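Just so you know, the protein sequences line up as chains A and B, in that order. So that you can map any letter, position 87 of the first sequence is 87 in my numbering, and since no number is skipped, the others follow by simple counting. So that you can map any letter, position 168 of the second sequence is 168 in my numbering, and since no number is skipped, the others follow by simple counting.
Any given hint could be a false lead.
Claimed, not checked - Computed cross-link-like contacts, DSSO-like style, restricted to lysine-lysine with a CA-CA straight-line distance of at most 30 Å:
{"id": "1", "chain 1": "B", "residue 1": "K32", "chain 2": "B", "residue 2": "K164"}
{"id": "2", "chain 1": "A", "residue 1": "K87", "chain 2": "B", "residue 2": "K154"}
{"id": "3", "chain 1": "A", "residue 1": "K100", "chain 2": "B", "residue 2": "K46"}
{"id": "4", "chain 1": "B", "residue 1": "K154", "chain 2": "A", "residue 2": "K137"}
{"id": "5", "chain 1": "A", "residue 1": "K137", "chain 2": "A", "residue 2": "K124"}
{"id": "6", "chain 1": "B", "residue 1": "K161", "chain 2": "A", "residue 2": "K137"}
{"id": "7", "chain 1": "A", "residue 1": "K100", "chain 2": "B", "residue 2": "K5"}
{"id": "8", "chain 1": "B", "residue 1": "K164", "chain 2": "A", "residue 2": "K137"}
{"id": "9", "chain 1": "B", "residue 1": "K5", "chain 2": "A", "residue 2": "K124"}
{"id": "10", "chain 1": "A", "residue 1": "K87", "chain 2": "A", "residue 2": "K137"}
{"id": "11", "chain 1": "B", "residue 1": "K164", "chain 2": "A", "residue 2": "K100"}
{"id": "12", "chain 1": "B", "residue 1": "K5", "chain 2": "A", "residue 2": "K87"}
{"id": "13", "chain 1": "B", "residue 1": "K5", "chain 2": "B", "residue 2": "K164"}
{"id": "14", "chain 1": "B", "residue 1": "K32", "chain 2": "A", "residue 2": "K124"}
{"id": "15", "chain 1": "A", "residue 1": "K137", "chain 2": "B", "residue 2": "K5"}
{"id": "16", "chain 1": "B", "residue 1": "K32", "chain 2": "B", "residue 2": "K5"}
{"id": "17", "chain 1": "B", "residue 1": "K126", "chain 2": "B", "residue 2": "K154"}
{"id": "18", "chain 1": "B", "residue 1": "K46", "chain 2": "B", "residue 2": "K161"}
{"id": "19", "chain 1": "B", "residue 1": "K161", "chain 2": "A", "residue 2": "K100"}
{"id": "20", "chain 1": "B", "residue 1": "K32", "chain 2": "A", "residue 2": "K100"}
Keep in mind the hints are simulated off the structure, nothing from the lab. Here the structure is a predicted model, which is why all the values come from computation and not from measurement.
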Amino acid sequence: METKEKNIVFPGREFLTWLWFKSEERNGSVMIPGLGDVEIMFVRRIVLESGEGEYSETVVCSGLHADLSEGKAALRTGKKVREARVKIGVGSSEWEFTFKADGFFFQSMTLPANPDESDDEADKEARVLDRIGCMEKAADTMGRLFSLFSQLRDSETWTATEVPHMEAWMSR
Amino acid sequence: MGFLKGSATFRRYRVVGDLPPNFNNVFDDRIKLHAFREMTAEPAEKNLGWTSIENILDNNFEYANYRYGEFLLFALRVDRIILPPSLLRVRTMEAEQQYLREKGLKKLFREQRQDLRENVRRALLKSTPPVPSWYEVCWAPFQEWVLFGSLSEKAAEDFEKQFKATFSLQLVPYTPWNPDPATTPEQPEQSPRG
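Please construct the entire structure, taking both the sequences and the accompanying hints into account.
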């Protein structure tokens, strides 16, 4: 990982790489002040990249039962996570989506199951409002996770503790 | 369609600029004014406008059918006529040969060639059906954010321009590492007040 003295060229990729590390630390549970524990899991697909434009090199790891070890090997060569299929859980709600780090984009997001999925016209507005609320909550949770990452990265803890832990994780 | 059912794909924007005091009426007027209209006699390569989120053939927005609680949901429809370059080239060559024959000329000036090419392009636009695309939009006007249901840069560019042209408000792509629109280089245009 880059140290805080260097400017981050791709903050989204740095964040997503850190999030992968956090997803495998403490059973993937991250405490967000004011929100509580957020469960994070990286599933099925992860894309890592170094450089940009014509000089970029990309590694794609995918598979239902992939342990993404090829991805960790790519991290050791300096690549960062550009996009990944991520599952997050807050309380009893669960979202799964492909997160594209460079633009903070969300793709193919499955929302928490709504027991009231009837086609009743009267319930339509409530259903849509619930869906939009769920989409915003997922995006807001990722934003809060980024804030946590950003604060940590600007602190002394980053180089003293976090980077050594991440390097140890990468080499496992 | 992800905002109403199924899995959702979206990017987020911050909205820069003040809402007018009579926002609901202004919104209704503006979205109808910039609604999607079928191409007329002189088709363009691209034709876009707003439609209902539930039915892209509905551009009337009766009973404010864009309103879902505090959110405004609608869609951007973009019709594109895609002319294959090889077709345009061959038809232009045919038109050039015909022009030379009819006029008894041996060669064409550059301007004549350009005019013929433009005439061919217009004729092809009239005879080629457009390919429609549509993208969902969710606007929380009082929370100053917008969700746009496509990750395509081309679609996003069309959306940002159409939004600004319609509502006189600027959209700034949201990322948490640059959350404050005021820090972006481009400043918003003055929005209507009063």
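For each hint, the structure was consulted:
Distance hint between B:K32 and B:K164 is fulfilled; the C-alpha atoms sit about 15 Å from each other, no more than 30 Å. A hinted pair counts as satisfied when its Cα atoms are at most 30 Å apart, and A:K87 with B:K154 qualifies at roughly 29 Å. Straight-line distance between C-alpha atoms of A:K100 and B:K46 comes to about 28 Å, which keeps the hinted pair within the 30 Å bound. Restraint check: the Cα-Cα separation between B:K154 and A:K137 comes to about 27 Å, which is no more than 30 Å; the hinted pair holds.
For the given pair, A:K137 sits about 20 Å from A:K124 by alpha-carbon distance, which is consistent with the 30 Å threshold. For the proposed pair B:K161 and A:K137, the alpha carbon gap of about 27 Å is at most 30 Å, so the pair holds. A C-alpha spacing of about 22 Å is found between A:K100 and B:K5, which places the hinted pair at or below 30 Å, so the restraint holds. For the hint linking B:K164 to A:K137, the alpha-carbon distance of about 27 Å falls within 30 Å, and the restraint holds.
The hinted pair formed by B:K5 and A:K124 meets the criterion: a straight-line CA distance of about 11 Å does not exceed 30 Å. Restraint check for A:K87 and A:K137: the C-alpha separation of about 13 Å stays at or below 30 Å, so the hint holds. About 26 Å separates the Cα atoms of B:K164 and A:K100, which keeps this hinted pair within 30 Å; it holds. A C-alpha spacing of about 19 Å is found between B:K5 and A:K87, which places the hinted pair at or below 30 Å, so the restraint holds.
Distance restraint check for B:K5 and B:K164: the Cα-Cα separation of roughly 28 Å lies within the 30 Å cut-off, and the hinted pair is therefore satisfied. At roughly 24 Å between alpha-carbon atoms, B:K32 and A:K124 fall within 30 Å of each other, so this suggested pair holds. The suggested pairing of A:K137 with B:K5 holds, with an alpha-carbon distance near 17 Å, which does not exceed 30 Å. At most 30 Å may separate the alpha-carbon atoms for a hinted pair to count; B:K32 and B:K5 meet this at roughly 25 Å.
Of the supplied pair hints, the one linking B:K126 and B:K154 holds, its CA atoms being roughly 24 Å apart against a limit of 30 Å. Taking the CA atoms of B:K46 and B:K161, the gap is about 13 Å. The hint holds against a cut of 30 Å. Taking the CA atoms of B:K161 and A:K100, the gap is about 23 Å. The hint holds against a cut of 30 Å. About 34 Å separates the Cα atoms of B:K32 and A:K100, which puts this hinted pair outside 30 Å; it is violated.
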